[in-house]
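**Student:** One letter stands for each residue in the lines below.
There are 2 protein chains.
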Amino acid sequence: MADFSSLDRYLEQNRQGHLNELLELLRIESVSADPTKASAMSQAAIWVKNRFVQMGLECELIEGNGPSMVYAESPKVPGAPTVLVYGHYDVQPCDPLDLWKTPPFEPTIRDGNIYARGATDDKGQMLTHVQSLAAWMATSQKLPLQVKFLIEGEEEKGSEVLGHALPGLKEKLACDVIVISDSSQYGPGQPAITYGLRGIAYFELRVYGPKADLHSGSFGGAVTNPALALARLLTEMKNADGKIQLEGFYDSVKPLQESEREMWKCLDFSDEAFAKQLGVTELTGEQGFTTLERRWARPTFDVHGLMGGYQGEGGKTIIPSWAGAKISFRLVPDQDPATVAKQLQDFVSKHTPRGVTVEVIDLHGGCGVVVDPNSRFMGGARKAVEEGFGKAPVLIREGGSIPIVAEMVALLGCDVLLMGWGLDDDGAHSPNEKFCLEDYYRGIRASSRLWEYLAS
Amino acid sequence: MADFSSLDRYLEQNRQGHLNELLELLRIESVSADPTKASAMSQAAIWVKNRFVQMGLECELIEGNGPSMVYAESPKVPGAPTVLVYGHYDVQPCDPLDLWKTPPFEPTIRDGNIYARGATDDKGQMLTHVQSLAAWMATSQKLPLQVKFLIEGEEEKGSEVLGHALPGLKEKLACDVIVISDSSQYGPGQPAITYGLRGIAYFELRVYGPKADLHSGSFGGAVTNPALALARLLTEMKNADGKIQLEGFYDSVKPLQESEREMWKCLDFSDEAFAKQLGVTELTGEQGFTTLERRWARPTFDVHGLMGGYQGEGGKTIIPSWAGAKISFRLVPDQDPATVAKQLQDFVSKHTPRGVTVEVIDLHGGCGVVVDPNSRFMGGARKAVEEGFGKAPVLIREGGSIPIVAEMVALLGCDVLLMGWGLDDDGAHSPNEKFCLEDYYRGIRASSRLWEYLAS
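Residue numbers (the working numbering), protein chains in the order written: chain A, 6 to 461; chain B, 6 to 461.
Treat the hints with care, since some could be wrong.
Said to hold, decoys possible - Cut-off 30 Å, straight-line C-alpha distance, at most; resulting in silico cross-link-like pairs (DSS-like, lysine-lysine):
| # | chain 1 | residue 1 | chain 2 | residue 2 |
| --- | --- | --- | --- | --- |
| 1 | A | K147 | A | K54 |
| 2 | B | K42 | B | K248 |
| 3 | A | K388 | A | K270 |
| 4 | A | K42 | B | K216 |
| 5 | A | K216 | B | K248 |
| 6 | A | K81 | A | K147 |
| 7 | A | K216 | A | K54 |
| 8 | A | K281 | B | K355 |
| 9 | A | K216 | B | K270 |
| 10 | A | K281 | B | K216 |
| 11 | B | K216 | A | K270 |
| 12 | B | K81 | B | K388 |
| 13 | A | K216 | B | K42 |
| 14 | A | K281 | A | K270 |
| 15 | A | K177 | A | K54 |
| 16 | A | K248 | B | K54 |
| 17 | A | K355 | B | K281 |
| 18 | B | K147 | B | K54 |
| 19 | B | K281 | A | K216 |
| 20 | A | K81 | A | K177 |
| 21 | A | K259 | A | K248 |
| 22 | A | K248 | B | K388 |
| 23 | B | K147 | B | K106 |
| 24 | A | K355 | B | K248 |
| 25 | A | K248 | B | K355 |
| 26 | B | K248 | B | K216 |
| 27 | A | K216 | B | K106 |
| 28 | B | K81 | A | K106 |
| 29 | A | K106 | A | K147 |
| 30 | A | K216 | A | K248 |
| 31 | B | K81 | B | K177 |
Unchecked claim - Label-pair distances were calculated between CB atoms; the ranges are:
| # | chain 1 | residue 1 | chain 2 | residue 2 | range |
| --- | --- | --- | --- | --- | --- |
| 32 | B | E277 | A | P108 | 52 to 58 Å |
| 33 | A | G192 | B | V258 | 52 to 58 Å |
| 34 | B | K355 | A | N70 | 48 to 54 Å |
| 35 | A | I366 | B | D103 | 17 to 23 Å |
| 36 | A | K347 | B | R266 | 56 to 62 Å |
| 37 | B | E318 | A | D430 | 25 to 31 Å |
| 38 | A | N244 | B | L66 | 54 to 60 Å |
| 39 | A | D430 | B | D246 | 44 to 50 Å |
| 40 | A | N70 | B | D103 | 23 to 29 Å |
What the hints contain is simulated information worked out from the structure, not anything from laboratory work.
For each residue, glycine too, the CB sits at the ideal point set by N, CA and C.
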């Protein structure tokens, strides 16, 4: 067994420094979806790059038609594998702002958690690997393998820059395994390694009616109301049993394997407790599947936002000229976002109510991925997590999407390890996003073991 | 026949003054639905009051729990009837602001129209009666009947103050006929007298799901999406034939009279031209009725605004914690808003999807009204309009609502004359609201005849 004593001493002595650096990065308002935050985006990229420069890695900014990507690498180690750490410095938008107890870009520690937009998704989790490698570099231990980093700035809006650049980066990113910490543990005190992610196909629907808002008294009854037409269209997309109604939508969805269903049944999970945690009266979903199966391994349809007409105080009596919705489908592996886009367009063409026109805007998409739970690096990863967190991880899937993962795996022909340090209730895309501070330190410690155990 | 020569001379000489006064009033941002505009609301009330004071009427502000109402009266004329002019100085909200070619409170004249929020609804139309009475007072002609004015500041949000005050104002408002100009001519060059208005029942629906926005990847599939639940609820409220699905909704709706249907069939109306005017691909609506019947004499259901979730640039992948809609039902006479509110609550209770809760907020309501086209004042009104506009008016109904009208008619036991000077395409509740300047002057002239002809 390797001797981690000087590394552990370094980690212990640098707890405050590691926290300060996380706070610094969290203060940068790097919202990739918001065009007014372009300068904060640059600032975040440069912050990450400087961190790599500081620890002595070869480093560069990869530029594209959008936010810069930060690339860094340690020297090649002959005979040892190469690990690519993928993460992102961009964050989700913050609204509704008024629901934040403390401002999203003024990180605040309460009850052992650090509250800020991006705390868990993904600045905090991503930094664990940066800090652990810095610790290796600082304590002058010879790295047992080559570590590459690719930290991008568009994960929250579909990784377009990286997607376009990817084919040209095949040599630079060549690796044996990708490591990503951008997901959750199974629960507090129960770490996990995630072997599957869902894909996503995200759209905006816009329903257009009269050329201007109309007085609903004078005109009500004569024209199709675009808001109501939108409601009808959305409603018809999913039946009462929770089945999505796009033609052909389930054609490439493979049945769940019995072994997976059995494995998940052994996990500690209570529908009742989960409903209580989320604050809903009851859980609902596709007939014939458990809650974990619905979240991890079945496709879904969700509406993310409704727009159109009057939203102010009191009442305004108009037939709005248009109405819109942000929607997405979560996909399972083998479902292709481009095919779903076509199925949606076909559905809309067939179901558009009379008297309105509908536009489908394709915002972004990405495939899901499932990796072999018995891959060659899994043993080392499990050991690293167990040492970092003090408990053996369980094997799970995750309902979220990291659209670029499937593309990278396909291009690079490598394995992937999804090692989430977050928690389900971190509020990754919600107000009051948080990250457990102790999990930040545990993640750094697990990562510090990872380089050693993946090499052997 | 009365001699109107000195009155007409006065009107001719004061065209510019009448315009200036309209511009002044239009510059006041009296949006009753917007709590931040309270001081503009007072300013508008005082402006109207000062105008009455200036012309020598007895005048007062009637205060309640909301915007002041302006009341004025000329002396009682023994043996002659009393007319009550009802109007309002408040206006609709202005959004979407970016669709206005010129700012809503900077009135601008283009192509013979005056563009401003409130131009037609109701500042411009209401002022015609103020100006015509001022002309009578200024030319020292003895008024042939008593004229009372009640100009309120809450018509656009349901006339709550007036509604509460009404029983106590029975004596003050006592009259033989109410005159209201807050509707439209049948078309350009074709004036009309309106003998029916629809009622309204206006609500906000709020659908509550999880206690906070959830990541739609991690949680999608496990909970009911509040935006989708709202869409389903709205969709189920009206079937494909345009019939409203609240239980008992049509119970008190009387069939249209054949004589009315025949009269309206004689009106010059083209579905094709109307669709083109509104910019819709085709007209739609309740099966079995013509477009005019649907707009004037059948109840309808409309959605005025959709709210909830992410509405910004790009995509955000959340299950929103809540979603909402502003909705209303237009009612025909004999339908009671309070009954409809109960029917809606029942419907919502029965149709609320599992996993969410729904709140019904009753915003405002008012009954419709239909008056006898052969009432004792109709002859004089038709003559006045013909002289003012140079063409005999047709008799029509109107789809809009002036909720307080039915209450006043019931309380005061009087007739009502709805003499609209606006046009269908004035955009009463839309961006770029306008009023034809020449119709403003024609309205003043028609009103100047009205006092004489209603007296005889």
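**Student:** Are the Cα atoms of K42(B) and K248(B) separated by 30 Å or less?
**Tutor:** violated (38 Å)
**Student:** Should the hint that K347(A) and R266(B) are 56 to 62 Å apart at their CB atoms be regarded as holding?
**Tutor:** violated (48 Å)
**Student:** Would you check the hint for K147(B) and K54(B), treating anything up to 30 Å between C-alpha atoms as holding?
**Tutor:** holds (22 Å)
**Student:** Take the C-alpha atoms of K388(A) and K270(A), compute the straight-line distance between them, and say whether it is at most 30 Å.
**Tutor:** holds (24 Å)
**Student:** Does the Cβ distance between N244(A) and L66(B) fall inside 54 to 60 Å?
**Tutor:** With Cβ atoms ~58 Å apart, the hint holds.
**Student:** Just tell me: holds or violated, for the beta carbon distance of E318(B) and D430(A) against 25 to 31 Å?
**Tutor:** Holds: the Cβ-Cβ distance is about 28 Å, inside 25 to 31 Å.
**Student:** When you check the alpha-carbon spacing of K81(B) and K388(B), does it fall within 30 Å?
**Tutor:** Holds, at roughly 24 Å.
**Student:** Mind checking the alpha carbons of K281(A) and K270(A) for me, to see if they're no more than 30 Å apart?
**Tutor:** Since the Cα atoms of K281(A) and K270(A) sit roughly 20 Å apart, the hinted pair holds (cutoff 30 Å).
**Student:** Compare the distance between the alpha carbons of K216(A) and K270(B) with 30 Å, and conclude whether the hinted pair is satisfied.
**Tutor:** holds (27 Å)
**Student:** Is 23 to 29 Å a correct range for the gap between the Cβ atoms of N70(A) and D103(B)?
**Tutor:** Given a distance of about 28 Å, which is inside 23 to 29 Å, the answer is holds.
**Student:** Is K281(B) close enough to K216(A), meaning Cα to Cα at most 30 Å?
**Tutor:** Roughly 10 Å between the alpha carbons, so the hint for K281(B) and K216(A) holds.
**Student:** Holds or violated: K42(A) with K216(B), Cα cutoff 30 Å?
**Tutor:** holds (29 Å)
Hints 2, 7, 16, 22, 23, 26, 28, 29, 30 and 36 from the earlier list are contradicted by this structure; the remaining hints agree with it.
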